[in-house]
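**Q** Sequence:
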Amino acid sequence: MSQSGARVLFLLMLVFMLCTTVVRAEDWARFRGPRGDGISADEKIPTEWSDSKNIKWKLKLPGAGFSSPIVIGKHIFVTAYEGSREEVERHLVCVSRSTGDIVWKKSVTGVSDGGEPGFAYHGQASHTPVSDGEHVFAMFGSSGVRAFTMSGELVWEQQLGNQRASRFGTASSPILHGNLLIVTAGAEAKAMFAFDKKTGKQVWKASAGSFSASYSTPLVVARPGSEAELLFSVQEELWSLNPLTGKLKWYAETKVDTAACPAVIVKDDIAYVIGGRSGGRTAVRIGGKGDVTDSNVVWSFRIGSYVPSPVLHNGRLYWVTDKGVALCVDAKTGQELGRRRIGGQYYASVVLIKDKLYAVSRFSGTRVLAATPEFDEIAHNTLTDDSDFSGSPAVSDGQLLIRSDKFLYCIAVDE
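First residue of the sequence shown: 23, per my numbering; consecutive thereafter.
Source of the hints: derived by calculation from the structure; they are not laboratory data.
Careful, some of the hints might be misleading.
Here are the simulated distance ranges between beta carbons [to be verified]:
id, residue 1, residue 2, range
1, Ala401, Gln357, 23 to 31 Å
2, Ile124, Gly310, 46 to 54 Å
3, Asp73, Glu108, 18 to 26 Å
4, Asp398, Ser173, 23 to 31 Å
5, Gly155, Lys269, 25 to 33 Å
6, Lys354, Asp73, 28 to 36 Å
7, Lys354, Leu176, 42 to 50 Å
8, Thr394, Asp73, 24 to 32 Å
9, Asn184, Ala230, 12 to 20 Å
10, Val435, Thr406, 35 to 43 Å
Straight-line Cα separation of at most 30 Å, BS3-like style, residue types lysine-lysine; simulated pairs [said to hold, decoys possible]:
id, residue 1, residue 2
11, Lys428, Lys78
12, Lys277, Lys227
13, Lys376, Lys345
14, Lys345, Lys311
15, Lys80, Lys127
16, Lys128, Lys82
17, Lys80, Lys96
18, Lys376, Lys354
19, Lys80, Lys66
20, Lys227, Lys269
21, Lys311, Lys378
22, Lys289, Lys212
23, Lys376, Lys311
24, Lys96, Lys428
25, Lys127, Lys223
26, Lys128, Lys212
27, Lys96, Lys78
28, Lys345, Lys269
29, Lys96, Lys66
30, Lys128, Lys78
31, Lys66, Lys428
32, Lys269, Lys311
33, Lys311, Lys212
34, Lys82, Lys127
35, Lys289, Lys311
36, Lys66, Lys82
37, Lys277, Lys289
38, Lys354, Lys289
39, Lys378, Lys289
40, Lys128, Lys223
Don't be surprised by glycine CBs; every beta carbon is placed ideally from N, CA and C.
Construct the complete structure from the given sequences, taking the supplied hints into account.
**A** Here it is, written out as structure tokens:
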């Protein structure tokens, strides 16, 4: 190749790179952030806000939802729904980070996930989307999973099953692993699926009755020198699958009775699992084959969290229960180090920003707490919006994004 030809090729590659959206370090591209652990090192997030302070913009959403927003570059993506038991319309909305304007909206009309009373508490848009910077993937419950370009063009769609939900439907968020999109479809098919993220072709399907009570978003853990682990919680057990094949590798008994909602977090090859209506917590050393309960369970106690997920900071687990009790537990022993009743109802998981916990309640504002066993209150922020705040926050590049059933808020230091 001539020198001029090489120069042209270099320029073309540079233009392509500049025009292609990629996931940046500060993006919040999936449920609970880039690592799925709810932790951000952002130093520019304010601790105080109100309707007239530190609100960059406020967007009226086209419907309700318990999903979290995600952030990719200059755009935010969030799901919402509206409609009746007979027919529901689900939306994927792309929003400008700078202005709060809707860039595009894609809607899918289908049947409701169910009509049981439980749907009043979590609705039809509880799955947080996920993105690789080139596509955004959205789970729409009984209406299936879809892949869109960043400009909103439909790339592919897949139906997951037509089983009717017994009560609460489904809420686990999709995740990405390499070239795979992994989706839990407990209510629709009592199964977990992996699809080729580019084509939508099904790569594997793992079926089991236990998926029907699993609302836990999976987590893939890469282990140098060993196969990766696809971890998620089901009723009374922690499971590990091979993420490339969907085959069960091992399982361990936990204190998670009934529905398994909180996401698993992992540090130094120890998986921490909380959940269940009665509440429980268990730590499991990952790895092994078959039933590893006797060999790998590090500790197990009652008292956990029904819906909200924990964070791990400086050797301590922190979370707020659905009934408004903040708990701190020693990650090594499982022993409780502190608790504080902060009040309110909680479905959103706390996020840790530097050394502060941000806990968004359903109806009584957001409390900012010190990440210590005493949970000293730094701020209590309320808005006039009286609807339900059940989506977990997103954090990216100086912006805290919180959604309610009515609005999406961008919280940032006033300029």
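**Q** With a cut-off of 30 Å on the C-alpha distance, tell me whether Lys345 and Lys311 pass.
**A** Not satisfied, since the Cα-Cα distance of roughly 37 Å exceeds 30 Å.
**Q** Would the pair Lys127 and Lys223 pass a check requiring their Cα atoms to be no farther apart than 30 Å?
**A** OK: Lys127 and Lys223 at ~25 Å, within 30 Å.
**Q** Do the alpha carbons of Lys66 and Lys428 lie within 30 Å of each other, as the hint requires?
**A** Holds - the C-alpha atoms of Lys428 and Lys66 are around 26 Å apart, at most 30 Å.
**Q** Would you check the hint for Lys277 and Lys289, treating anything up to 30 Å between C-alpha atoms as holding?
**A** holds, 19 Å
**Q** Lying within 18 to 26 Å: is that true of the beta-carbon distance Asp73 to Glu108?
**A** violated, 37 Å
**Q** Is the hinted pair Lys96 and Lys78 satisfied, with a Cα-Cα distance of at most 30 Å?
**A** holds, 15 Å
**Q** Given the hint that Lys227 pairs with Lys269, does the C-alpha gap stay at or below 30 Å?
**A** holds, 9 Å
**Q** Holds or violated: Lys128 and Lys82, Cα atoms, limit 30 Å.
**A** holds, 16 Å
**Q** Taken at face value, is the distance from the CA of Lys127 to the CA of Lys82 at most 30 Å?
**A** holds, 13 Å
**Q** For the pair supplied as a hint, Lys289 and Lys212, is the alpha-carbon distance within the 30 Å limit?
**A** holds, 29 Å
**Q** Are the Cα atoms of Lys376 and Lys311 separated by 30 Å or less?
**A** violated, 37 Å
**Q** Does the Cβ-Cβ separation between Asn184 and Ala230 fall within 12 to 20 Å?
**A** holds, 18 Å
Checked against the numbered hints given earlier, this structure breaks hints 3, 4, 6, 10, 14, 21, 23 and 28; the rest are met.
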